[in-house]
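Letter by letter, the chains look like this.
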Amino acid sequence: MDKQEKPYIHWLCQSLGAGNKSFLRALNGLGAPREVFDLAVSGKLADKLTGRFREKAALLSEKSNTFDVQGEYERLTGRGIHLVAQGETAYPARLSQIPDRPYALYYAGALPPEKKCAVALIGARDCSEYGRYMAGQFGAALARAGVQVISGMARGVDSIGQESALREDGYSMGVLGCGVDVCYPKENRALYEKLLAKGGVCSEYPPGVEPRAILFPPRNRIISGLADAVLVIEAREKSGTLITVDMALEQGREVYALPGRATDPLSSGCNRLIRQGAGLVSTPGELLEELFCGEGETRKNTEMKEETGAQTALVFLEGLSGELFAVLDFNPLPVQEIQRRFEQKYGRIIALPLLFKELLELCAEGHAGQIGGGYFMKILKA
Amino acid sequence: MLSTITSGAVYGVQSHLVEVEVDVSQGLPCFQIVGLPGSEVREARERVKVALRNVGVKLPPLCINVNLSPADLPKNGTMFDLPVAVGIMTALGKLSPETVEGTLFLGELGLSGELKPVKGVLPIAREAAARGIRKCLLPVENAWEGELVRGMESIGAANVQEAVAQLRGEASEKAGGTARRSGEEAPPPAADNDLDFSDINGQQTLKRAAEVAAAGFHNLLIIGAPGSGKTMLARRIPSILPPLSLEESLEVSTIYSICGLLQSAGSLKTTRPFLHPHHTITGRALAGGGRIPTPGVISLAHRGVLFLDELPEFKRETLDILRQPLEDRQVQIARSTGSYTYPADFMLVGAMNPCPCGFYPDREKCRCTPYEVKRYLSRVSGPILDRMDICVEALPMRFSDIAAGGKEESSEKVRERVMGARERQNARFAGTRLHFNADMDAGDVERYCRLGEKELRYMERMFSRMQLSARAYHRILKVARTVADLAGSEEIAEIHLAEAICYRQSDHKYWQ
Chain D
0 MDKQEKPYIH WLCQSLGAGN KSFLRALNGL GAPREVFDLA VSGKLADKLT GRFREKAALL
60 SEKSNTFDVQ GEYERLTGRG IHLVAQGETA YPARLSQIPD RPYALYYAGA LPPEKKCAVA
120 LIGARDCSEY GRYMAGQFGA ALARAGVQVI SGMARGVDSI GQESALREDG YSMGVLGCGV
180 DVCYPKENRA LYEKLLAKGG VCSEYPPGVE PRAILFPPRN RIISGLADAV LVIEAREKSG
240 TLITVDMALE QGREVYALPG RATDPLSSGC NRLIRQGAGL VSTPGELLEE LFCGEGETRK
300 NTEMKEETGA QTALVFLEGL SGELFAVLDF NPLPVQEIQR RFEQKYGRII ALPLLFKELL
360 ELCAEGHAGQ IGGGYFMKIL KA
Chain F
0 MLSTITSGAV YGVQSHLVEV EVDVSQGLPC FQIVGLPGSE VREARERVKV ALRNVGVKLP
60 PLCINVNLSP ADLPKNGTMF DLPVAVGIMT ALGKLSPETV EGTLFLGELG LSGELKPVKG
120 VLPIAREAAA RGIRKCLLPV ENAWEGELVR GMESIGAANV QEAVAQLRGE ASEKAGGTAR
180 RSGEEAPPPA ADNDLDFSDI NGQQTLKRAA EVAAAGFHNL LIIGAPGSGK TMLARRIPSI
240 LPPLSLEESL EVSTIYSICG LLQSAGSLKT TRPFLHPHHT ITGRALAGGG RIPTPGVISL
300 AHRGVLFLDE LPEFKRETLD ILRQPLEDRQ VQIARSTGSY TYPADFMLVG AMNPCPCGFY
360 PDREKCRCTP YEVKRYLSRV SGPILDRMDI CVEALPMRFS DIAAGGKEES SEKVRERVMG
420 ARERQNARFA GTRLHFNADM DAGDVERYCR LGEKELRYME RMFSRMQLSA RAYHRILKVA
480 RTVADLAGSE EIAEIHLAEA ICYRQSDHKY WQ
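If you read the protein sequences in the order shown, they are chains D and F.
For the first sequence, numbering that gives the first Met the number 0 begins at 0 and goes up steadily by one.
For the second sequence, numbering that gives the first Met the number 0 begins at 0 and goes up steadily by one.
Source of the hints: derived by calculation from the structure; they are not laboratory data.
All clues given are correct.
Have a look at the derived ranges for each label pair, beta carbon to beta carbon:
#, chain 1, residue 1, chain 2, residue 2, range
1, F, A426, D, L319, 33 to 43 Å
2, F, Q323, D, G346, 48 to 58 Å
3, D, G346, F, S463, 33 to 43 Å
Every value quoted in this text rests on a predicted model; they were computed, and no experiment measured them.
Cβ coordinates follow ideal geometry from the N, Cα and C atoms, glycine included.
Whenever a hint applies, use it, and build me the whole structure from the sequences.
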């Protein structure tokens, strides 16, 4: 595509704002964006269209007269925001395969590297400690294996997965449901800045668009579209995450899910996905093996990683620490409950101060995690 | 003729003796009080005039001038009625000046001449004793307050006639035995409330944390679901606190006396106060206030427990008022008439739900969004949380805990251990301004919480592994000191540090 067209594409996206998909399609039928702009400025745009678009075209013509096309585009790039449209070579190849691909994609930071395998790591916003932990583990392991992590920068699983991937110096792309210059949710400011520096954020909406509930389901197709496979960490029975899964299936992406307890409402979505045929992965190694099936060199690498992972997981703790470790669960347990279970299992009472000390010792060694003051959970050392 | 009577007034918790000078002389008949009298004091004229007439003392048509000296201190309260009346009688020659000399007079007059109780007797009597006054004449209801002061002879009188009879040295038997002299038995202390730790089933971690908090007078924050026993536990904390020492008891009683809350109790405060204001309380009620400031709830909780249930429901501004008192252990209220200081050395016990619905992090029950949870928690300001040495979670009760009654430790047993820790602190802090481990500031922590080589290395490791903050470090050392004291150990060992670390604020779960 001609580079000269870009400012006009920006004009088109910016003037139409979010939504207006069918109108955009109709306008694209009239020719290149530059031609559309000329038509709009000369006021002939409405004549070329029919029905409800005529009114919209009139409005667009009116606005276009005062729109400084080149200036606006320069300002945009000046802010570090770039635009990539369909048909350009820079347009992500994975995205160009999907049926409902965005006309143009705004991005800041870097676009995902085409040659690297990509996984969309998604899940519930109000995730459990288990989800939090697993998202972190998967995010980090994928990054270490050179896999890029695509997600929506939402609270919970999304941000935790991306955060851990960036910490391991991996690439991560945050697909936003608002303009790329808007950080939503606000508390993820730090992650947003890190993504700009080490990864990227993108959105099909022009800069300045505020987040609205209606804008998020469409962006989910971009998340799955940018990925080779989708991994669901935690999802309720009815969850926005499952929208992404539906999109992924439409786009022919592999779907994997992390199993959870049958009684956990936060895992019910995942468990159902597995029953419906999604791939079951319980460790990052399993996922990597699936992803790199047949690619000898990378596979060896991941196998090795998995082996070392397994070894550290089976670390043998001696004495009281070992006994205590056996009592712990991957669900956080209150100290009192740990004391009770210890008594049940070994038939002796462990005094609170000693219990505190031993638990803290496990935490310091990385075998346990303290959640809040009074809850402890088991952690398998990675 | 001129007469001078000794009386007193309270400013904050400080008292001043006031000389009531009465001059009766020839001139245009009048009766006036000068020396910055408040409206209650000004109205003493009418009460005194009528009361004296009703007991048979007729005021002659003379010019009566009353001066309250020092004249630049504002005077409030009704305690000047009796001294003014006695002063007039002395000036009129009905009482000899020798009989009233060296005696402190306080009391409100009724129109029939009866004496009514007044506020602030205890602090004034203490001040008088310190100034060498050995005798006081008080309304009979207040007489016992005077008796509490060492070296003070306290005489109670039910009315003016009785007071006059006492002063003239006429037998008190005639007055029907209402007057009491010092040395008689003081009223029995109010019955201790029957709340006991053994009422709480289960909740071992919570009870242990309360024990540590009580031993070191540490502020305690309890987080837990509704119905998990937060309030129940908090109410029982006074029962495991060491009883008030005589000195402390006098301090507390002084405040209660100023508020007029002591005569209804009928004795010195011997149990530690427990105050639990509702969350709609205003800042003024909490810290004390008014044109003439009166002590607020935090001062009434002096040397005791201030329990704030549903902490995030309190107005933020109200809670923030606590910051200065928590730091200085006293509250200063400035008014145009001067600055008033009230002691406010209390143990703050806060209880709160972890989220608006109360069930977070139980995802089966809690439907609050992370944002809602965050917003709810952020209502408690950081500086207040900073003062919470011990943070503990109350767990929902298990049925086995509820059903298994009767085998829990009693308050008395817990208190024994607390007392042991208390004695260690007494020995350590003898001769310093400190009372409890919680009073230590950073410098004191360096001095009293010295760690051994091994423990230092342990803390160093925990510091990096558990991502402790520098602020948390001192808090942990203070609490560890108390845990060691409870265990009867002079050295702070790893096990004590570990427990203290577990009590640190669970920042990464609640306050991220």
